[in-house]
Structure formats: C-alpha cells, structure tokens
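From just these sequences and the hints, can you work out the full model?
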Amino acid sequence: MKPARATDGQELVHFGHLQFRARHLRAGLLLLGVAAALSLVSTMIGVTRIGGSDITALLRGGLVDDAGFALREVRLPRIAAGFMAGWCVALTGAMLQSLARNPLADPGLLGLSQGSMVMILLLILFAPAAPPMLLPFAAMTGALAVALALVLLVGRGGAGGLALLLMGIAVETMLSSVTQILILYSPPDMSYALSNWLAGSLSGADPAAVLALLPWFLFSLGMAVWLGRSLSTYDLGQDLAMSLGENVNRSRPLILVVSVLLSSAAVTAAGPLAFLGVMAPHLAGFLSPASGRPRLILSGLMGAVLVIAADMLTRSVSGELALPLGLSLTLVGVPLFVISLRLRALKTLSNR
Amino acid sequence: MRLLFLLPPLLASHATLAETVTDAMGRGVEIPDDPSRIVVLHEPLLGVPLADFGVDPVGSYGRADDGSSLMAADFYASILGDDAPDPAPRGIGAVGDIDLERLRALSPDLIIGTELDADKADQLTAIAPVYLQASSSGKVRGFETEKQLAALLDRTDAFEDRRAEYQEKLDRLKPIIPPGQSYLAVIVHDKINLVGEMSGAIQAIEDLGYNRLPLKADGPDNALGSTFAVPISSEAFGRMNPDLLVILSSYAGASHDEAGTRAQLDRVMPGWERFLKPAREGRIVWMDSTKVATPSIASAEHALDAIEAWSAQASKN
Numbered sequence: 001m002k003p004a005r006a007t008d009g010q011e012l013v014h015f016g017h018l019q020f021r022a023r024h025l026r027a028g029l030l031l032l033g034v035a036a037a038l039s040l041v042s043t044m045i046g047v048t049r050i051g052g053s054d055i056t057a058l059l060r061g062g063l064v065d066d067a068g069f070a071l072r073e074v075r076l077p078r079i080a081a082g083f084m085a086g087w088c089v090a091l092t093g094a095m096l097q098s099l100a101r102n103p104l105a106d107p108g109l110l111g112l113s114q115g116s117m118v119m120i121l122l123l124i125l126f127a128p129a130a131p132p133m134l135l136p137f138a139a140m141t142g143a144l145a146v147a148l149a150l151v152l153l154v155g156r157g158g159a160g161g162l163a164l165l166l167m168g169i170a171v172e173t174m175l176s177s178v179t180q181i182l183i184l185y186s187p188p189d190m191s192y193a194l195s196n197w198l199a200g201s202l203s204g205a206d207p208a209a210v211l212a213l214l215p216w217f218l219f220s221l222g223m224a225v226w227l228g229r230s231l232s233t234y235d236l237g238q239d240l241a242m243s244l245g246e247n248v249n250r251s252r253p254l255i256l257v258v259s260v261l262l263s264s265a266a267v268t269a270a271g272p273l274a275f276l277g278v279m280a281p282h283l284a285g286f287l288s289p290a291s292g293r294p295r296l297i298l299s300g301l302m303g304a305v306l307v308i309a310a311d312m313l314t315r316s317v318s319g320e321l322a323l324p325l326g327l328s329l330t331l332v333g334v335p336l337f338v339i340s341l342r343l344r345a346l347k348t349l350s351n352r
Numbered sequence: 001m002r003l004l005f006l007l008p009p010l011l012a013s014h015a016t017l018a019e020t021v022t023d024a025m026g027r028g029v030e031i032p033d034d035p036s037r038i039v040v041l042h043e044p045l046l047g048v049p050l051a052d053f054g055v056d057p058v059g060s061y062g063r064a065d066d067g068s069s070l071m072a073a074d075f076y077a078s079i080l081g082d083d084a085p086d087p088a089p090r091g092i093g094a095v096g097d098i099d100l101e102r103l104r105a106l107s108p109d110l111i112i113g114t115e116l117d118a119d120k121a122d123q124l125t126a127i128a129p130v131y132l133q134a135s136s137s138g139k140v141r142g143f144e145t146e147k148q149l150a151a152l153l154d155r156t157d158a159f160e161d162r163r164a165e166y167q168e169k170l171d172r173l174k175p176i177i178p179p180g181q182s183y184l185a186v187i188v189h190d191k192i193n194l195v196g197e198m199s200g201a202i203q204a205i206e207d208l209g210y211n212r213l214p215l216k217a218d219g220p221d222n223a224l225g226s227t228f229a230v231p232i233s234s235e236a237f238g239r240m241n242p243d244l245l246v247i248l249s250s251y252a253g254a255s256h257d258e259a260g261t262r263a264q265l266d267r268v269m270p271g272w273e274r275f276l277k278p279a280r281e282g283r284i285v286w287m288d289s290t291k292v293a294t295p296s297i298a299s300a301e302h303a304l305d306a307i308e309a310w311s312a313q314a315s316k317n
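Residue numbers (the UniProt record's numbering), protein chains in the order written: chain A, 1 to 352; chain B, 1 to 317.
These are calculated hints, taken from the structure and not from any lab test.
We treat Cβ as the ideally placed atom computed from N, Cα and C, and that holds for glycine.
Keep in mind that the hints are not guaranteed to be accurate.
[Said to hold, decoys possible] Quick partial rundown of chain B residues pointing at chain A, CB under 7 Å, derived from the structure:
#1 D97
#2 R102
#3 Q123
[As the list claims (entries may be wrong)] Output of the computed footprint for chain B on chain A, the stretches with three or more beta carbons under 8 Å from beta carbons of chain B:
#4 69 to 76
#5 139 to 148
#6 219 to 227
#7 272 to 286
Printed below as a string of structure tokens:
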C-alpha cells in the first residue's frame with residue numbers, strides 16, 4: 001500500500017495496480033466497521049439468549065445445543081445472506097445508474113427483478129414439485145429474457161440511457177401485471193406465501209443458501225473491479241465514453257448481463273429488495289462521492305449494511321408481527337435517504 | 001464380545017422407535033413411534049384434522065407465545081369448541097415467516113407440513129423429521145387428509161370412531177333431503193370464489209346426495225379449481241342456479257354469521273338478492289367458513305348442522 005497524491009491534491013492509496021482515494025478507503029472501512037458492529041448485535045437478537053461467551057465458544061468450535069443451533073443455522077446464515085444479497089442489489093443499482101445515466105435506475109425499475117419473479121412464480125405454481133435448486137436458474141432465465149428484450153427494444157449503440165430506463169419501466173409494468181394475475185389465481189395459501197416472499201424475506205437463509213449465494217458474491221467482486229473503469233466513463237455520458245475508447249456495443253450488454261446475474265441471485269435469496277438499488281448508491285454517494293470502482297464498492301457495502309440492519313429490525317419484532325424484510329428496509333433506509341437528500345440540498349444552497 | 005450380545009437388542013429397540021414412510025413429495029421420513037410433540041405448518045388443513053381425532057399439536061403458525069390466536073379466526077376454538085387443544089398450541093413465528101429458534105424451543109418430535117412447504121423441509125429437518133402431507137394441491141378431498149394423518153400416527157381407530165359419529169348424524173339427516181339435487185358452494189372474500197373439493201363442508205354436502213353443478217372453471221382440467229377456492233366473476237355467479245347454493249363467510253372477515261356474509265356480498269355484488277334465483281326462492285344455506293372450511297370430520301358435522309337448520313326453516317315456510 002503506497003500513499004500518493006492525485007492531481008486535485010487528494011491522498012491516493014495503491015493496492016497493486018488498483019488506485020483508490022484515501023477518503024473512499026476511509027468510507028469503505030467505516031461501512032465495513034458498521035456492518036461488523038451490526039452483525040455482532042444481530043447475533044444476539046432472537047428467542048435463544050446468546051452472549052459474548054457463546055460467540056467465543058462458537059469460534060472455538062465448542063458451541064452445541066440451542067445457542068449453537070441459533071448461531072450456526074439461523075443468525076449467522078441470515079447475516080451472511082443479507083450482506084451478500086444487499087451487496088449484489090446495491091451493486092447492480094450502481095451499475096445500472098451509470099449505464100442509464102439516471103439516478104433512478106435499479107434492477108426493479110428496469111424490470112430485471114420482475115423478470116426473475118415471474119419465472120420463479122411460474123415454476124412454483126406450475127411445477128411445485130420442482131427441486132429448489134432450479135429457482136436460481138428460473139430467476140436468471142427471467143431476468144436474462146428481460147435484459148435481452150431491453151437490448152433489442154432499445155437498439156444498438158445510438159439510444160441513450162433514458163430510452164433504456166423508459167423501456168425498462170414499460171417492461172416492468174407489464175411483468176408486474178403478470179405477477180399480480182399469477183398471485184390472484186393461485187390457491188389462497190400459496191398466494192399468501194408468494195405475497196410474503198414478494199415483500200422480501202431472509203427466512204430461507206440457511207448454510208446451504210449462503211453457499212449457493214457465495215459464488216455470485218465472489219463473482220460480483222471481480223466484476224466490480226473489471227467493469228469499474230467502463231462505468232466511470234459511462235458516468236460522463238455515452239458520447240464521451242465512446243470518445244474515450246469505450247466500446248459501448250460490447251460493454252453495455254455485458255454490464256446488463258452481469259446486472260441480471262447478480263440481481264437474480266439476490267432475488268432468489270431474499271426476494272425483491274425494492275428501492276435498495278436506488279437508495280444504497282445515493283447514500284454511498286452522500287458518504288463519499290465517487291465514480292467507477294469506488295462507487296460500486298461503497299454502494300455494495302451500503303446495501304449490505306442496510307439489509308443487515310433491516311433484518312435486525314425484522315427479527316427483533318418477529319413472533320407476533322410479520323414485518324417483511326422489504327418493509328424493514330424501507331423503515332431503516334428511507335429516513336436516511338430523505339435526510340441525505342435534504343442535507344445535500346442544504347449544502348447546495350449554502351454553496352451558492 | 002459382550003457388545004455382540006448387546007447389539008441385537010439395541011438394534012431391535014431402535015427398530016420399534018421409528019418407522020420410515022414416504023410423504024406426499026416422495027421423501028423418506030423417519031416417523032417416531034409415538035410422536036407427542038407435533039408442530040403443524042398449517043392450522044386449518046393439518047392442525048384441526050389432527051386435533052379432531054385427539055392428537056393436539058404443540059405449535060403452529062399465527063399464534064403468540066401464550067397460544068392466543070393472531071389470525072382473524074381461531075379455527076381450533078371455532079370448530080372443536082371445548083375439545084380444542086388445551087393448552088393451545090404455541091406460535092412458531094408470524095404467518096409465512098417461521099422463526100426456527102421458536103420452533104426448536106418447542107422441542108418437536110415431528111413437524112407436519114403441506115406439499116407447499118417442500119421448500120422449507122430441508123431447513124426444518126435440522127430440528128425434527130418433516131412429513132409433508134398432501135393437502136393443498138387438489139390431490140386429496142374430503143376426509144382423506146384426516147384419514148391419512150390418522151394412519152401415519154397409528155390412530156386409525158380414533159378416526160373411525162369419529163367417522164362413525166359423523167355417519168350417524170348423516171344417516172339421520174339424509175332421508176329429508178330430496179335425491180338427485182345439484183349444489184354449488186362459494187366463499188365471499190373481497191371477491192366471490194368457487195369452493196373446491198377439499199373441505200369438510202363439501203364432503204358433507206356430497207354425502208347427503210347433492211351433485212356438484214358442472215361449471216367451466218371447475219373440474220379435473222383445472223388444477224387450481226379442485227383445491228379450496230378459485231375466483232369467479234360476479235356475472236358467472238349471477239347466472240348460477242343450483243338446487244342448493246351454499247355461501248360461506250370469509251374466514252378473513254370480522255363477522256362470520258349470515259348477516260355479516262350478506263353485508264359482504266352486498267359490497268361485492270350489489271343487488272344480488274334480486275337477480276340470484278336461489279336467493280329469491282330460499283335455496284341458500286349460509287355457513288361459517290371458520291367452522292366448515294377445514295378438511296375434518298368436525299367441519300363436516302358443522303356443515304350438516306347448517307343444512308339441518310336450513311331444512312327445518314324451509315319446511316316451516
């Protein structure tokens with residue numbers, strides 16, 4: 001790690017060939033610290049009483065019975081799955097916002113999440129005996145179909161981010177109607193279960209689900225590094241990106257496909273985490289304005305922090321009140337989002 | 001050497017403790033010899049049939065830690081009255097969101113779910129054996145769920161006793177019902193739904209000799225229609241003219257009696273009393289779905305009571 005200075009005087013830090021501004025690194029470490037602190041508190045929320053000694057015993061491999069079950073089978077998998085799902089959705093949101101050059105773009109708004117959901121619902125409704133391992137493939141098929149439709153409908157090269165966003169909204173609206181029809185005409189109990197899942201849930205997060213999500217999380221780390229540079233040129237606009245040598249005909253479908261894979265993996269693990277893809281990049285930008293790789297990584301970390309905090313809220317009231325993860329996420333994230341927007345507006349006013 | 005003598009009795013005792021059966025999803029499940037702490041993942045479809053032949057679940061969805069119901073209807077109390085499980089089953093988390101720690105705290109020796117719980121089975125097996133009973137996908141009807149559960153838990157005698165009680169009631173009522181008549185049953189939620197074949201009410205109605213009026217939305221070709229309920233349009237409902245129209249209140253509503261169901265129907269389909277022929281001719285039986293909707297003998301008995309009361313009233317008029 002070699003300290004240096006950028007042309008604007010800001011401190012730079014190098015990791016091999018990668019270069020970050022020190023303030024981005026500090027923001028990243030802060031978010032990691034918050035995620036770790038929330039995770040620690042989250043391990044202590046639940047019916048089974050768990051203290052620091054239980055966690056120490058678990059680390060030594062000596063924890064059994066109720067506390068061992070609660071930590072190994074319930075709480076740690078939920079934290080890990082929440083971290084990875086939140087990371088993937090927020091990262092996808094940041095990618096799509098750069099691609100569309102619109103701060104409203106996210107996997108939900110472009111119809112990718114709806115594509116996944118429709119395919120998952122079709123599989124559950126018409127092949128209830130299908131093995132659960134098919135769900136991620138169904139989710140990816142649905143989202144890929146939406147991405148393909150978007151690429152075809154928007155056309156190659158010439159159309160801008162706004163066209164992509166508007167076409168995405170049209171596709172999303174159509175697919176959400178299909179989702180509603182499927183739920184309406186499914187048997188009442190299944191309809192209730194599906195509605196519950198559509199509101200977001202980490203209740204299915206067990207060690208196997210964490211292992212299934214892990215490869216996608218690792219894949220997203222690689223993609224954040226690889227696609228970061230391309231996305232920083234997209235932030236400047238498509239024409240400027242092309243003049244800087246960015247092959248948009250190749251990189252745009254590639255970014256869409258990566259977004260599809262990551263949002264599908266997250267939807268399969270936790271259901272659609274509505275608005276997270278918009279909220280997390282905004283909050284990360286408020287904490288430390290960035291573009292390219294730092295923006296992707298900070299957005300991913302912010303998404304992970306928000307989902308862990310939301311799951312804490314869900315589990316702290318669980319038992320008598322059904323508080324879906326999506327609702328908790330709204331309760332946790334939206335006030336922060338509103339405050340950050342107000343503070344940003346006040347800052348802009350004071351700078352005039 | 002002494003181990004060689006000890007091993008056969010040990011193996012034999014293990015063999016009597018558990019039996020492997022195949023559940024509705026084709027999974028091999030090791031069922032304990034006499035499970036005493038059963039948790040059900042669906043109260044009306046599984047819990048009530050179990051309690052009906054005397055096996056009280058220790059936990060189910062939609063209940064608080066003290067056993068009080070968090071749902072619009074307490075099916076155990078409504079259907080079984082004084083015979084409802086005592087103490088009431090404790091909650092295992094909010095509806096649709098199982099709290100694994102709460103579930104484990106109940107120390108279950110068997111978890112029974114429906115085929116719709118297949119996605120949770122592997123996760124729950126870490127706590128207790130999970131048996132998935134065909135209940136929700138239209139493959140069983142009437143009392144079959146209760147009969148299969150009784151066989152699973154070796155309580156067939158108790159089930160047959162309950163069926164004999166039901167048969168006695170049925171034999172008393174059947175002679176006053178004209179033969180060869182048709183029926184249709186609907187349940188009124190925020191829209192009108194045709195009731196399928198898997199409730200105690202339908203078993204009782206068909207045992208009395210009524211035949212289901214054939215409809216396009218119903219039948220073996222429509223898998224969803226053969227389960228509990230499937231939505232129908234108000235227009236289709238308005239044209240219905242079975243000899244007996246059975247209208248069930250919504251179990252999600254606050255009021256389950258005739259007046260409440262009429263009010264609900266007024267909201268969904270204003271003016272229904274004027275153009276619905278069975279309404280004009282007094283051929284409607286009102287039933288409380290919190291009593292008759294489960295696939296249990298007790299629900300079927302409540303349905304017989306409702307038809308008996310309607311028949312007595314009709315003969316007076």
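Each hint tested on the structure:
The restraint placing D97/B at the interface with chain A holds, with a minimum CB-CB distance near 5 Å, inside the 7 Å limit. Because the beta carbon of R102/B sits about 5 Å from the nearest beta carbon in chain A, less than 7 Å, this interface hint is met. With its C-beta approaching chain A no nearer than about 5 Å, Q123/B sits inside the 7 Å limit, and its interface hint holds. A stretch counts as covered by a chain when three or more of its residues have a beta carbon under 8 Å from one of that chain; for the region 69 to 76 of chain A and chain B the count is 4, and the coverage holds.
Coverage of the region 139 to 148 of chain A by chain B is violated in this model, with 0 residues showing a Cβ closer than 8 Å to a Cβ of that chain against a need of three. Only residues whose C-beta sits within less than 8 Å of a C-beta in chain B count toward coverage, and the region 219 to 227 of chain A has 0 of them, not enough to reach three; the restraint is violated. Counting residues of the region 272 to 286 of chain A whose CB falls under 8 Å from any CB of chain B gives 0; the rule of at least 3 is not met.
Consistency with the previously given hints fails for numbers 5, 6, 7, ordered from lowest to highest.
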